[in-house]
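With the sequences and hints as input, model every part of the structure.
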Amino acid sequence: MSSKADFSDLTTRIASAIVMLIIAGFTLWQGGAAFQYLLIISAGLMAWEISHMHDTRSWLSIVSGIFAAGFVYISFFPIGLSPMALTALKLLPCLILAGLHIEKARFTVFAGLLIFMAATTDLGAFRIEQGFFLTVWLLLCIVASDVGGYFAGKIFGGPKLWPRISPKKTWSGTLGGWALAAIVGLIFVILNAQPLLLIPASILVSIAAQAGDLVESAVKRRAGVKDSSNLIPGHGGLLDRFDGVLGVCFLLGIAGLVGVY
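So that you can map any letter, position 28 of the sequence shown is 216 in my numbering, and since no number is skipped, the others follow by simple counting.
It is worth saying that the hints were derived from the structure and are not from the lab. It is possible that part of the hints are untrue.
[Claimed, not checked] Derived DSSO-like pairs: lysine-lysine, alpha-carbon spacing no greater than 30 Å straight-line: (1) 414 - 348; (2) 292 - 348; (3) 356 - 292; (4) 292 - 357; (5) 278 - 292; (6) 414 - 356; (7) 278 - 357; (8) 342 - 357; (9) 356 - 342; (10) 342 - 292.
What follows is the structure in structure tokens.
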């Protein structure tokens, strides 16, 4: 056990988390356009962050953000374009925007833009298709993975998970995230009459969220930055909080392809 757990940033993290919870909770409850507009803004901000992390030209970051937000908007509110036209509308600007960045960042920016747009549209579709309670379960598992990992890692410490990529993450934090996500699944099984399968599914969601977190940590390390931005006090940028959602949306994409849901 670690001799001294540092919780100096806890107050700021909690205050910011409460604000984020109120905004996300309200729009999630409302569903429809309210939640979709939140996702549109989120896609734009994450695109701005990934560009800003790799290039000092502010106009390029702003254009990247506007493009990502605009495409997600069109995905939610179609304007009559064919699937082929939508694909071209997504891929060509991504290639152009990525090409305007420095050479070593082009693939990261290109992949990031595509992932942000896909993840936000997938999450919006999940809210529509699976309903409010399962979407809450999904997001709470991601939050539980982060919270459980934070407290378990601070309290127990121990061996590092992947020090070259994320020096602060520990195996105790990883297991703590899985455990708290499993508890979330158990609560939904008991209170919302969900099948027991939701408990192992909660752990899978936690694993996917942690994978997304590690990928984002690798991107930041390669870019030489500590946080994706300073938009959220105590948390860094939106990408620092949405990285777990990105990992989970990748899992949802696989689940959708194999017909799990």
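Hints, verified against the model:
no. : hint      : in the structure
1   : 414 - 348 : holds (18 Å)
2   : 292 - 348 : holds (28 Å)
3   : 356 - 292 : holds (26 Å)
4   : 292 - 357 : holds (26 Å)
5   : 278 - 292 : holds (22 Å)
6   : 414 - 356 : holds (12 Å)
7   : 278 - 357 : violated (35 Å)
8   : 342 - 357 : holds (9 Å)
9   : 356 - 342 : holds (9 Å)
10  : 342 - 292 : violated (35 Å)
Hints 7, 10, counting from the list given before, are not met by this structure.
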